[in-house]
Each structure stands twice: as structure tokens, then as C-alpha cells.
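> Protein chains in written order, with my numbering: chain V, 1 to 89; chain C, 1 to 204.
Keep in mind that the hints are not guaranteed to be accurate.
[As the list claims (entries may be wrong)] Calculated pairs, EDC-like style, for lysine to aspartate or glutamate (alpha carbon to alpha carbon, straight line, at most 16 Å):
#1 Lys28/C x Asp46/C
#2 Lys27/C x Glu62/V
#3 Lys105/C x Asp46/C
#4 Lys139/C x Asp119/C
#5 Lys27/C x Asp46/C
#6 Lys7/V x Glu102/C
#7 Lys28/C x Asp119/C
#8 Lys11/V x Glu77/V
#9 Lys54/V x Asp8/V
#10 Lys28/C x Glu62/V
#11 Lys27/C x Asp59/V
#12 Lys7/V x Glu77/V
#13 Lys54/V x Glu161/C
#14 Lys54/V x Asp46/C
#15 Lys54/V x Asp119/C
#16 Lys101/C x Asp46/C
#17 Lys11/V x Glu62/V
#18 Lys54/V x Glu17/V
#19 Lys27/C x Glu40/C
#20 Lys101/C x Asp119/C
#21 Lys54/V x Glu72/V
[Said to hold, decoys possible] Here are the simulated distance ranges between beta carbons:
#22 Tyr46/V x Asp36/C: 28 to 34 Å
#23 Thr25/C x Asn40/V: 48 to 54 Å
#24 Asp18/C x Asp63/V: 35 to 41 Å
FYI, nobody ran anything at the bench for these hints, they're computed from the structure. Think of the CB as a built atom: it goes at the ideal place given N, C-alpha and C, for glycine as much as any other residue.
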Amino acid sequence: MIAVDLKDRVKGGASIEFLRVEVPEGHRRIPSALIRYSLNGVEQPYGLRLDLDKQVVLDRFEDDEEKQEAVERAVPEILRVLRSNLYAR
Amino acid sequence: MPIFYRGAGVGTYWHERDARLNGFTSKKPGAVHSIDRLMEHIARADVNSPYISLTRSYGVAYVYAVHFGRAQPTETNPGYIYEIELSGPLPPGLHLLDPVKEVAKAAPEPLDLMCYQHDGLPDFILGLVNPREMGQSLKPLRPQPPPGGGSPIPRLTIQLETLVRTLRDAEILAVGNIPATYVRNRYEVWRWPIEEQEDLHDCR
Chain V
1 MIAVDLKDRV
11 KGGASIEFLR
21 VEVPEGHRRI
31 PSALIRYSLN
41 GVEQPYGLRL
51 DLDKQVVLDR
61 FEDDEEKQEA
71 VERAVPEILR
81 VLRSNLYAR
Chain C
1 MPIFYRGAGV
11 GTYWHERDAR
21 LNGFTSKKPG
31 AVHSIDRLME
41 HIARADVNSP
51 YISLTRSYGV
61 AYVYAVHFGR
71 AQPTETNPGY
81 IYEIELSGPL
91 PPGLHLLDPV
101 KEVAKAAPEP
111 LDLMCYQHDG
121 LPDFILGLVN
131 PREMGQSLKP
141 LRPQPPPGGG
151 SPIPRLTIQL
161 ETLVRTLRDA
171 EILAVGNIPA
181 TYVRNRYEVW
191 RWPIEEQEDL
201 HDCR
């Protein structure tokens with residue numbers, strides 16, 4: 001697994017801080033990534049799944065619109081960080 | 001009998017509930033099927049829908065079970081691949097949809113002003129298939145019809161996205177409940193079988 005740091009590179013919000021994004025070792029064939037984040041400073045055991053082809057997060061904060069918006073706002077930036085770290089090589 | 005699969009990564013809905021006991025249901029079983037809902041489900045991953053995603057490919061299910069979890073799978077907390085055996089006649093209230101056929105049925109006629117086709121370069125489709133590495137192919141720079149009457153950005157329709165994503169995942173949608181009796185197995189997986197990867201052969 002390859003981890004790319006997101007701290008101070010992707011803006012969070014609504015108590016969410018984006019920590020890092022993890023992609024599988026064979027990432028060129030696998031269109032998935034896992035966004036690791038903290039809530040109120042505590043890293044969550046379960047990350048947010050990102051489909052890199054559809055460019056959407058598969059997990060939703062169903063009952064918290066503010067958090068959901070913070071995640072959706074961050075997706076293009078997370079994709080940009082990933083592209084510049086992994087796929088541009 | 002046709003076999004379908006469903007991958008469930010660690011921490012996902014069907015990982016925390018055993019479909020062998022109660023079968024599969026969609027997130028919104030009361031919602032009515034429509035082509036727009038179907039396309040949102042597949043192209044935008046909006047699972048607030050009446051559909052249950054299945055795949056005809058064990059390999060696709062494997063990727064979902066191992067790499068589309070909310071945490072890394074381990075030997076003690078593996079991902080799951082459900083094996084579902086369905087044949088006609090299906091139980092009342094359950095039917096299967098091939099999204100490619102559904103999109104094709106609803107596609108505009110060639111003389112309609114609206115169309116699902118792109119107006120980019122021939123490698124546009126590669127950018128859609130693999131935006132991670134071929135995203136440049138989706139960019140606006142391309143020849144325009146004189147005297148500059150083309151669209152400023154290439155046309156990417158949800159129909160085309162749905163077709164490509166359906167084919168990626170060898171996807172079939174179930175509408176209705178899949179009773180537990182049709183769920184034949186649940187396999188545990190936690191690592192990518194690298195040795196198999198090295199031994200891949202071109203299937204053509």
C-alpha cells in the first residue's frame with residue numbers, strides 16, 4: 001500500500017481533517033483509493049472509499065450535510081494530489 | 001446456472017451484514033426503476049436507488065472485496081466475495097437489468113438534436129476509461145468545425161459514462177430482493193494474489 005500525505009495540502013472542514021490517501025501497490029490497475037481522515041482530531045478507523053474512475057467518494061455522511069459537503073469539496077483536490085504524486089511519473 | 005458475484009470490502013454494508021442469512025436488498029427498495037436513476041447509480045455511485053449491483057466477474061468482485069473496503073483487509077478481518085446463483089424463473093418481485101441494454105434502449109435516435117456520443121478526439125474514450133492516467137484525452141483542445149461553431153468543451157454524457165463503467169465492472173443490476181437461498185457461498189479474501197497477476201495471459 002502506498003500512502004500520500006494530505007495534511008496541509010487539502011482543506012478540510014466541519015471537524016474533518018484529511019490525513020492521507022492510500023492506494024494499492026498495483027495502483028495502475030486498481031481504480032480505488034482510501035481517504036484517511038480525522039474527526040475533531042481523532043483518526044477514524046474506517047476511511048472513505050474513493051472510486052478513481054468515477055471520481056466520487058462511495059461513502060456518505062448521510063445525516064450530516066456539512067461534513068458531506070466538506071468531503072465533496074475536497075475530492076478534486078485529493079485527485080490532483082494523487083495525480084501529481086503517482087500518475088504523472 | 002448463471003453465477004453472479006458481489007464484493008464486500010471491510011466496513012461496508014454487506015461486510016457487516018451476512019447476506020447468506022437474509023439475502024440482499026437495495027438501499028431504497030421502494031424506489032421505482034428509471035433510466036435516470038440507473039445512470040446515477042452506475043456513473044455517480046448513487047446507491048440511494050432500487051438496485052443491487054452484481055458482477056459477472058469474480059476478478060471485479062475480488063477488487064471490490066480487497067481494495068474497495070473502508071480499511072485494509074487482513075487474515076482475521078477479510079473482505080468477502082458473495083457467490084449468487086440465479087436462474088429463471090426468478091422469484092416474484094426480482095428482475096435483472098443489463099445496464100448496457102437499458103441505456104441503449106433509452107438512447108436518442110440519430111436524428112435527435114440530443115445525442116450520447118462525444119465530440120472529442122478518438123482517444124477521448126481512453127480518457128474516460130482511465131482518467132487517472134489518460135485524463136488529458138478529456139481536455140478541450142481539439143479541432144473545431146469552421147467557423148468555430150463547436151462546443152467549447154468535449155461532450156461527455158452520462159449515457160457514455162454509464163456504458164463505460166458498466167463494462168468496467170461487468171455489472172448487472174438486480175431490482176427487488178435476492179433471497180438468501182440464492183446466495184451460495186461467501187469467500188474470504190484479504191490479499192491480492194500477486195503470483196496469479198504475474199501469470200496473466202492475453203485473453204484474445
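> With reference to the structure, classify each hint as holding or not holding.
Now the hints, each set against the structure:
| no. | hint | verdict |
| --- | --- | --- |
| 1 | Lys28/C x Asp46/C | holds, 11 Å |
| 2 | Lys27/C x Glu62/V | holds, 12 Å |
| 3 | Lys105/C x Asp46/C | violated, 21 Å |
| 4 | Lys139/C x Asp119/C | holds, 11 Å |
| 5 | Lys27/C x Asp46/C | holds, 10 Å |
| 6 | Lys7/V x Glu102/C | violated, 43 Å |
| 7 | Lys28/C x Asp119/C | violated, 35 Å |
| 8 | Lys11/V x Glu77/V | holds, 8 Å |
| 9 | Lys54/V x Asp8/V | violated, 25 Å |
| 10 | Lys28/C x Glu62/V | holds, 14 Å |
| 11 | Lys27/C x Asp59/V | holds, 13 Å |
| 12 | Lys7/V x Glu77/V | holds, 12 Å |
| 13 | Lys54/V x Glu161/C | holds, 9 Å |
| 14 | Lys54/V x Asp46/C | holds, 11 Å |
| 15 | Lys54/V x Asp119/C | violated, 20 Å |
| 16 | Lys101/C x Asp46/C | violated, 20 Å |
| 17 | Lys11/V x Glu62/V | violated, 21 Å |
| 18 | Lys54/V x Glu17/V | violated, 23 Å |
| 19 | Lys27/C x Glu40/C | holds, 14 Å |
| 20 | Lys101/C x Asp119/C | violated, 23 Å |
| 21 | Lys54/V x Glu72/V | holds, 13 Å |
| 22 | Tyr46/V x Asp36/C: 28 to 34 Å | holds, 31 Å |
| 23 | Thr25/C x Asn40/V: 48 to 54 Å | violated, 34 Å |
| 24 | Asp18/C x Asp63/V: 35 to 41 Å | violated, 25 Å |
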